[in-house]
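Chemist: Here are the chains, one letter per residue:
Number of protein chains: 2
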Amino acid sequence: MDTRLDKMFFPKSVAVVGASDIPVKWGNLILTSILGWRYEGKVFPVNAKKDTILGLKSYPSLRDIPEDVDLAVFAIPAQFIPEGFRDCAAKGIKAAVVISSGFREIGGEGARLEKEIAEAAHESGLLFIGPNTMGIASAHIAFEALPTPTGPEPGGLAVISQSGNIGLQILKWIAHKNIGLAIYAGTGNETVLKAGDILEYLGSRDEVKAVAMYIEGIDDGRKFAGIAHEVTRKKPVVAIKTGRSQAGSKAAQSHTGSMAGSYATYTAMFRQSGIIQVRTPSELLNVATAATHLPIPRSNRVGIMTMGGGWGIIAADECEDSGLVLPRLPESIIKELDSLLPAYWNRRNPVDVVGEGDPSLYLKVIDALARWDEVDSIIALGIIGRSGYVEDFIAAQERIDGKLYSRELKLSILKDQIRAEDQTISGIAKIQKETNKPIIAVALTEGGLTLADTSHGRVVSVSTPEEAVTIVGHLSWYGSYLEGQKADAFQAV
Amino acid sequence: MDTRLDKMFFPKSVAVVGASDIPVKWGNLILTSILGWRYEGKVFPVNAKKDTILGLKSYPSLRDIPEDVDLAVFAIPAQFIPEGFRDCAAKGIKAAVVISSGFREIGGEGARLEKEIAEAAHESGLLFIGPNTMGIASAHIAFEALPTPTGPEPGGLAVISQSGNIGLQILKWIAHKNIGLAIYAGTGNETVLKAGDILEYLGSRDEVKAVAMYIEGIDDGRKFAGIAHEVTRKKPVVAIKTGRSQAGSKAAQSHTGSMAGSYATYTAMFRQSGIIQVRTPSELLNVATAATHLPIPRSNRVGIMTMGGGWGIIAADECEDSGLVLPRLPESIIKELDSLLPAYWNRRNPVDVVGEGDPSLYLKVIDALARWDEVDSIIALGIIGRSGYVEDFIAAQERIDGKLYSRELKLSILKDQIRAEDQTISGIAKIQKETNKPIIAVALTEGGLTLADTSHGRVVSVSTPEEAVTIVGHLSWYGSYLEGQKADAFQAV
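Protein chains in written order, with our numbering: chain P, 2 to 494; chain A, 2 to 494.
For the record, the hints were derived by calculation from the structure and aren't laboratory data.
One or more of the hints may lead you astray.
If chains are identical, the list can't say which one is meant, so a pair holds when it fits in one copy or spans any two.
[To be verified] Computed list of lysine-lysine pairs in PhoX-like fashion (alpha-carbon distance at most 20 Å, straight line):
1. K178 with K26
2. K26 with K416
3. K8 with K236
4. K365 with K235
5. K411 with K26
6. K92 with K487
7. K13 with K51
The model shown is predicted, which means the values in this text are computed figures rather than measured ones.
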């Protein structure tokens, strides 16, 4: 593996060329993002017009920095990049992030300039990402060089994005939802460093548990497929390929200048190399998060528990559309559930637990389904998120009483509900761990994907049955792919 | 129109049979939901074992209430409903909500009991909704009889749900998102009052601007289609029909006992009667909310403005999948935008406004697109929700400084951003009003559908391009349907 990528994503020291103390300027935003987190490496602002920037000594050029520099981040106008690269060569800097735009994406002169810097980098042995990228982040060393400080918690999910705006949006969501990030790479124009190169690198890093990719176009499909095939043996890779429509493909061409290629070709390549293909950025985030934190199911057979009929019907509809199968309940499970549920329970998968019930009932049903040999994933609908309902109830009671209750009283009312939900979530995590089957909860709240941490691992919940089914559908596809690979390997012996 | 429906949804007085002061009991939850809002009608708890409940005098039976009662809400065990209905007859009560379950949905004895109460109601002229419903709400009189107090603001959206759990979840979302509710009706087993009857009633009410329906099954399809055909002339009706899969259809049968019928038959019936058909509950809410607040486009042609290429590509892909058309920009608009955008702008629809830009630039581009004859809807991507990014920036600055900034300083930093966004939203509302074309904004935040109120009307924003396209796709279909109806009427003359 190219050790310059270690310098790029795990730099011990970084210089920001074009650093500025004027907010709104890119050189200020980038430097703020680096300094505003807990990065412990050395940071050197480079700006000839200033002595200090954000409290740090500023250097006239990279050459003037008296210490080693692992990574140079460029936020200066395009025409000054060639000189900056010469400085890198002189200083012995081997890795760079080129935030600057004004290259191939603006046409003629920009394209010429891009060729020039590619050659310069090649000659001096400099590896750079970009240009025209919105930056990178490496959460395990609390390092980010982004136009908007974000600071996600360290975790297992890595993101490669060929669009800066989409990439940053996904990154913000990862931070706000506490999903946990390993590495983020916005690849920009991909002059030298391609999405596939980054994927190969992420495949080699132990802290990366899954990779999410936003792809507009891949130049060397064969090389990329080879890399992907290797990486997906070790960890899930989830990708969205945009530009599948005529209008979208034209828009992609004018965006990063990439040839979009036929969508069907990408789909076939993804399938063959084990990449989970999704259709939208929110699917990308949901599926990649689940792939990071949950066991991978070995088949497409699903058991569903629902609190009320409606959700079960929607989930069953969505399962059929996604190629998931709901096996018929065997007599043994019917008998087991007969002892737990009211006499008129539906005796079908989805299992409707009807009334309000208690968490131990939910967990018994989930446990019975999860231990059932015929299914490899579980979806549990409508059992989380009821504390919001309890809060609404307390608020109504207060209006009737004409007075606000004390915090203690509210907590004591909420306590049972909160305890019940905690118990449910923790129980789900335990069953998930014991059976090694993913259990997705569908909550009543509108917050979308949520992660809960328990002593038995993470539980993923979403807001709607369709989100749960999408996740299970994609994880099952990957699980089946892996089983197929194993079978192939077996036959090859 | 049946005036008993006015008594049901606009009661001047209501009795709660089975009222209780023990939280968790249905009779307590329902009474709390009625009293905990601002309902100005009279409320009479009925419970023979108590003198007062939640501060109100309690009556041994309906017959003992000394004043007129418009509506009786039943939260007592099923076997006592026949007696309750006799009390209604004696008291001259003409409308009832039967929350109680334990009828057809539990099989033999329950089905017999359901037939019995249907006959009793028919004889005494009592109209009831349910049984096995989670209740109703009528926000313009601040009335709700629900198992979870909710209290949504009054507004234009009405909801009919054949699933209590799904209905309540939608209702909570309407309340939390301040979408504004007219009427909610959970129809339960639909012993006498059917979803179609409620739809007809909602069609006649001026405060209802659009109707959202969750449908598992319709018994009299021909009658329903006739009603729908009339209502959709006046206002949009959005529906989800679940049970489209084999597994889902079986689940639906065991849920409310409804015959699901062929999904294709429903789809054909919806199309012919002008009902907008969606696939998931979140689509139902998003599309119905947009239909309540936005102008209906007359065609499927869309203009898109994007802040950065990625979103534009995704939106273009989704448009093509949804049957929406992105017309090519005419020379006149290219010329107009040439004067506003950098020289290398993409000169395509989606229009990429590239850099950060200012709100007046966004609005000029949106205005140019909205006034363009060739399109009837506008999608604006990535221009709302940046204040979250500014907040992250301030937080990073604080960490660098090692001190927390004052609220004043933060506000002054945020002020420009907030003002810019307000200006953008208000400008969008103005253009929307002037051109009578819907403009959907796609924000950077993960909150899903959001409504902003301005002096020029409401602006709908969502979190993802796909949500925006789904809304525009469905509204366009309805607009084309209405245009077709006009053409038919013209030919008939």
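Chemist: Can you give me the call for K92 and K487, within, between, both or neither, at a CA distance of at most 20 Å?
Modeler: neither (49 Å within a copy, 74 Å between copies)
Chemist: At 20 Å max between alpha carbons, let me know whether K26 reaches K416 within a copy, between copies, both or neither.
Modeler: between (49 Å within a copy, 18 Å between copies)
Chemist: Within a copy, between copies, both or neither: which one fits K178 and K26 at a CA-CA cutoff of 20 Å?
Modeler: neither (28 Å within a copy, 35 Å between copies)
Chemist: Can you tell me if K13 and K51 fall within 20 Å by alpha carbon in one copy, between copies, both or neither?
Modeler: neither (24 Å within a copy, 75 Å between copies)
Chemist: Pop the pair K365 and K235 into one bin, within, between, both or neither, using alpha-carbon distances up to 20 Å.
Modeler: Neither: 34 Å inside a chain and 50 Å across chains, both beyond 20 Å.
Chemist: How would you classify K8 and K236 at a CA-CA limit of 20 Å: within, between, both, or neither?
Modeler: Classified as neither; 23 Å inside a copy, 61 Å across copies.
Chemist: How do K411 and K26 come out at 20 Å by Cα distance, when the copy is not named: within, between, both, or neither?
Modeler: between (48 Å within a copy, 19 Å between copies)
Comparing the model with each earlier hint shows violations of hints 1, 3, 4, 6 and 7; every other hint is respected.
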